[in-house]
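Chemist: Each chain, written out:
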Amino acid sequence: MLLRHTPTEIKERSALSINPAKTCQPIGAMYAGLGIHGCLPHSHGSQGCCAYHRSTLTRHYKEPVSAATSSFTEGASVFGGQANLLQAIDNIFTVYEPEVIAVHTTCLSETIGDDLKQIVDKAQKEGKIPTGKNVVYASTPSYVGSHVTGFSNMVKGTVNVLAESTGKKNHKVNIIPGWVEPSDMEELKRICAMVGVPIIMLPDTSGVLNGPMTGTYEMFPKGGTTVAEIKSTGDSMGTLALGEWCSADAARTLDTKFKVPCRVLDIPIGIKATDRFVDALRIAGGTSVPETVAFERGQMLDMMADYHQYFFGKKVALVGDPDQLIAMTEFLLTLDMKPVHIVTGTPGKKFEARITELCKEKGYEPNVRAHGDMFLLHQWMKNDPVDLIMGNSYCKYIARDEDLPFVRFGFPILDRPGHQYFASVGYRGGMRLMEKMLGVLLDRKDRDSPEETFELVL
Amino acid sequence: MAVEKKKKVLSAEAVKEELLKKYPPKVARKRDKQIHITGEEDSSEIMANVRTIPGIITMRGCTYAGCKGVILGPTRDIVNITHGPIGCGFYSWLTRRNQTKAPSATDENFMPYAFSTDMQDEDIIFGGEKKLEQACLEAYELFKPKAMAIFATCPVGLIGDDVHAVARKMKEKLGINVFAFSCEGYKGVSQSAGHHIANNQIFTHVVGENDTVKMGEYKINVLGEYNIGGDAFEIERILEKCGITMVSTFSGNSTYEQFATAHTADLNTVMCHRSINYVAEMMETKYGIPWIKINFIGAEATAKSLRKIAQYFGDKKLIDRVEEVIAEEMPQVQAVLDEVFPFTKGKTAMLFVGGSRAHHYQELFNEMGMRTLSAGYEFGHRDDYEGRHVIPDIKVDADSRNIEELEVTPDTARFSPRKSVEQLMRLEAEGLKFKDYEGMMPEMDKGSIVIDDLNQYEADKLVELMKPDIFCAGIKEKFSIQKMGVPMKQLHSYDYGGPYAGFKGACNFYKEIKRMVTSKVWSGMKAPWEENPELSATYVWE
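Keeping their order, the protein sequence lines are chains A and B.
Residue numbers for the first sequence follow UniProt numbering, so the first one is 1 and each next one is one higher.
Residue numbers for the second sequence follow UniProt numbering, so the first one is 1 and each next one is one higher.
Think of the hints as simulated: they come from the structure by calculation, not from any bench.
Nothing here was measured: the structure is a model prediction, and the numbers come from that model.
Check before you lean on any hint, since a few could be wrong.
Restraint ranges, calculated between C-beta atoms of paired labels, are given here [said to hold, decoys possible]:
1) Glu435(A) - Thr518(B): 34 to 42 Å
2) Pro331(B) - Asp415(A): 32 to 40 Å
3) Pro331(B) - Pro417(A): 33 to 41 Å
4) Glu435(A) - Asp121(B): 20 to 28 Å
5) Tyr496(B) - Ser449(A): 26 to 34 Å
6) Thr245(B) - Met1(A): 26 to 34 Å
7) Thr106(B) - Asp255(A): 56 to 64 Å
8) Leu442(A) - Lys169(B): 31 to 39 Å
We put the beta carbon where it would ideally sit given N, CA and C, even for glycine.
Hey, can you work out the whole structure from these sequences and the hints?
Modeler: As structure tokens, then:
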């Protein structure tokens with residue numbers, strides 16, 4: 001047993017976190033920054049944070065993740081990091097020539113009170129930011145929220161610095177996709193194109209973190225939302241923000257500042273959430289949904305019906321980020337599965353309420369904990385076993401110990417490919433998720449069947 | 001069709017000039033001193049262990065990573081609690097491949113667990129000591145470990161939480177060994193500071209805690225080996241086969257008890273000079289254990305190191321046994337080498353990793369007939385490049401002064417010189433060098449480019465200009481190099497292969513490098529229509 005010291009008996013802990021179901025803000029800010037075209041994320045703090053975040057993102061995406069750091073030593077920690085950041089901005093524009101630098105703080109620079117706005121203004125005044133280039137920034141102390149909060153803060157920070165209103169509408173809809181995979185962003189763009197709605201997607205990591213091998217390395221690949229597009233978000237007809245935790249703040253900022261009306265939807269994982277997204281998109285764009293979209297929806301529904309018997313009643317343990325988990329819980333319930341233990345590390349009371357409400361319609365009360373950890377999740381599973389576990393790669397330790405089918409979903413996935421290339425959102429994404437779940441559930445059924453009931457056709 | 005690589009023949013000087021060209025003048029001046037071209041009778045200095053330049057994309061990590069991740073990470077029976085916000089604990093959770101093999105399924109192994117105080121806003125404002133104390137109590141209640149360690153992260157140092165006071169209090173209250181590390185990320189200029197802080201505290205709080213002497217005639221410690229990819233398992237296999245008893249490893253596949261009894265060994269062998277040479281020094285001063293530099297990376301290097309150990313003990317039985325083991329192991333190694341050599345001979349490599357690995361792995365490449373064009377350390381000091389003789393000349397700057405240097409004196413009860421001065425002198429005369437390390441540069445071909453603290457810009461430029469057949473570094477560098485069509489071997493994590501140490505490890509490495517440098521993937525960069533883009537008016541098959 002890998003997790004041999006995890007006892008079945010649950011004791012409340014008030015101080016010790018064991019096997020966290022979240023990580024810290026700056027990595028989310030770094031990921032969001034990578035979704036801006038020509039952007040070099042910059043970590044304002046000591047260099048270890050930047051190294052850790054780059055490593056984790058690289059391991060997850062299997063792609064180069066460039067980001068710079070202010071490389072604080074003890075001196076900067078005492079006297080403030082202004083000199084380091086000014087020097088960094090100068091060096092970055094000279095050596096790497098990005099279009100944008102996306103600066104985020106760390107717990108170190110936050111605690112000493114560095115003011116990013118003031119430092120960036122100073123850099124501007126001192127001519128360290130070349131004409132036509134931009135520095136966006138966000139405050140992302142690691143001791144508040146989680147990686148999800150950091151993502152949200154950087155998207156909001158970008159809109160805050162760059163978005164503007166020219167008074168002339170651009171007849172586009174802003175899509176803030178939330179922390180999803182590059183493949184998901186690509187799929188959302190495909191759906192929008194099918195529905196015939198011109199959009200601006202912010203951020204957009206497709207083409208950045210799932211790029212091709214060509215023989216040359218581009219530090220700034222073709223993908224990402226351009227500065228012109230980000231500026232133009234203030235002129236859009238409306239914003240669809242996918243996920244309350246990841247996307248709502250930026251959307252509300254656009255609403256407040258430029259009167260761009262917004263709707264906050266769930267991430268379109270599963271048939272119902274995708275339906276709501278397509279419907280909202282159609283309304284926002286003033287178009288009608290084409291047959292091609294209805295066809296894909298029908299295919300998904302078909303697969304749900306064909307395999308319903310294998311989903312029905314299966315108990316699931318889930319761990320991940322709130323926006324994904326809410327949508328996933330709803331999807332599993334639609335399949336008549338039973339998510340019984342659900343943990344996110346990201347704090348927020350609304351999460352527990354929403355999950356409980358979703359399950360209530362099915363007549364049961366799940367174990368749900370925001371600000372929980374995977375140690376607790378495992379203990380719940382020991383007390384009330386499940387048929388399937390879904391979550392990031394760290395779940396494999398639990399899956400192996402408890403001998404459970406496991407579907408990788410969320411962040412980080414360090415040990416399997418695919419998530420960068422194959423979407424989980426939309427109708428096609430839903431079919432892929434079902435395929436993955438059925439794969440492990442039916443493999444398990446095959447493995448466990450006695451010879452006399454081992455079936456060729458399932 | 002294979003794409004022919006354009007190999008520009010640029011001199012090392014011209015390459016260096018290209019690397020520096022784009023930098024602002026101040027940056028160029030500094031980097032100039034950190035990029036060194038090896039020459040005949042080389043006595044010039046390389047600048048190392050200095051601050052990273054803000055904004056220049058470095059390969060380095062932080063002090064916490066060096067302390068918690070590298071040194072304490074591979075120890076399975078200590079509960080390691082990260083005091084800080086969640087990130088640091090999360091990122092150092094199982095990511096360094098610290099393989100460990102507990103004797104049985106019920107023995108302690110806390111490695112799959114990440115323990116953190118997950119500090120929140122209010123802990124930063126009001127202080128986190130109370131929370132840390134409570135976390136220690138909760139950890140003890142759940143796991144009953146024999147020891148606990150506490151690691152301070154950046155904000156902890158800033159707000160002034162006294163982790164050592166909490167450790168002392170907990171030690172008294174729980175009756176187990178509890179100790180702490182002031183390894184805030186901003187201390188020092190790289191991971192190296194973290195290694196130092198970790199080793200100092202293990203030396204202070206654990207070494208010498210248990211006087212039980214292990215059975216065995218030839219007792220050694222293996223210092224600076226971290227069991228990536230199972231290296232320690234292979235080293236342990238070989239030592240055991242030779243009849244050499246390993247008292248402790250610092251710290252691959254290690255346990256608390258190993259550290260506690262380390263002072264009972266009769267010889268210290270040092271693998272990674274950078275991370276641990278000072279521990280060997282301190283153990284000699286305090287307990288009288290001499291140390292020698294060894295290297296188990298490379299089959300020849302392994303044989304040489306075993307012979308050195310045997311020579312030290314000077315017992316014919318051991319000397320003969322070591323020769324028998326080498327004779328037994330080498331034919332298999334040679335067989336694999338014969339198979340790969342025609343494919344690897346004449347190929348070139350670049351190595352930028354760690355603070356010894358970039359040196360050690362050159363031995364393996366040499367065995368395969370491969371030349372290292374360029375190499376450097378992420379967190380090395382001048383002595384790792386130029387040899388220990390420069391140590392007295394190294395200027396101690398403000399960043400290094402922050403790292404505590406322990407004052408060590410002979411242990412009144414336990415100091416016992418393992419060899420007399422005469423014996424040591426005789427061994428020296430016979431060619432066994434004590435407390436010696438010549439560093440990486442003297443062993444490299446003249447005209448090689450040695451670069452300290454390589455950054456992403458320089459890495460990409462080097463590959464573009466010199467097109468090596470393989471590049472070795474870490475995960476952050478891997479994919480930008482590969483996008484350029486050059487295979488990249490991770491030497492921190494071994495790309496989840498290994499072991500590469502010892503005899504079996506050498507075989508694994510030979511095969512792995514042959515696989516990589518002969519792979520067809522790298523010739524597939526251009527599609528047929530890109531190779532021959534001419535349009536033709538008719539379908540050719542019609």
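Chemist: Taking the CB of tyrosine 496(B) and the CB of serine 449(A), does the distance hold inside 26 to 34 Å?
Modeler: Given range 26 to 34 Å: holds, Cβ gap about 33 Å.
Chemist: At the C-beta level, are glutamate 435(A) and threonine 518(B) separated by a distance inside 34 to 42 Å?
Modeler: Holds, since glutamate 435(A) and threonine 518(B) (Cβ atoms, about 36 Å apart) stay within the stated range.
Chemist: Within 26 to 34 Å: is that where the Cβ-Cβ distance between threonine 245(B) and methionine 1(A) falls?
Modeler: holds, 30 Å
Chemist: Should the hint that proline 331(B) and proline 417(A) are 33 to 41 Å apart at their CB atoms be regarded as holding?
Modeler: At 39 Å between Cβs, range holds.
Chemist: Is it true that the C-beta distance of glutamate 435(A) to aspartate 121(B) lies inside 20 to 28 Å, as the hint says?
Modeler: For aspartate 121(B) against glutamate 435(A), whose Cβ atoms are near 42 Å apart, the range 20 to 28 Å is violated.
Chemist: Falls inside 56 to 64 Å, the C-beta gap from threonine 106(B) to aspartate 255(A)?
Modeler: Since the Cβ atoms of threonine 106(B) and aspartate 255(A) sit about 59 Å apart, the hinted range of 56 to 64 Å holds.
Chemist: Is it true that the C-beta distance of leucine 442(A) to lysine 169(B) lies inside 31 to 39 Å, as the hint says?
Modeler: violated, 55 Å
Chemist: How does the Cβ-Cβ distance of proline 331(B) and aspartate 415(A) compare with 32 to 40 Å: does it lie in that range?
Modeler: holds, 37 Å
Against the hints set out earlier in the document, violations occur for numbers 4 and 8.
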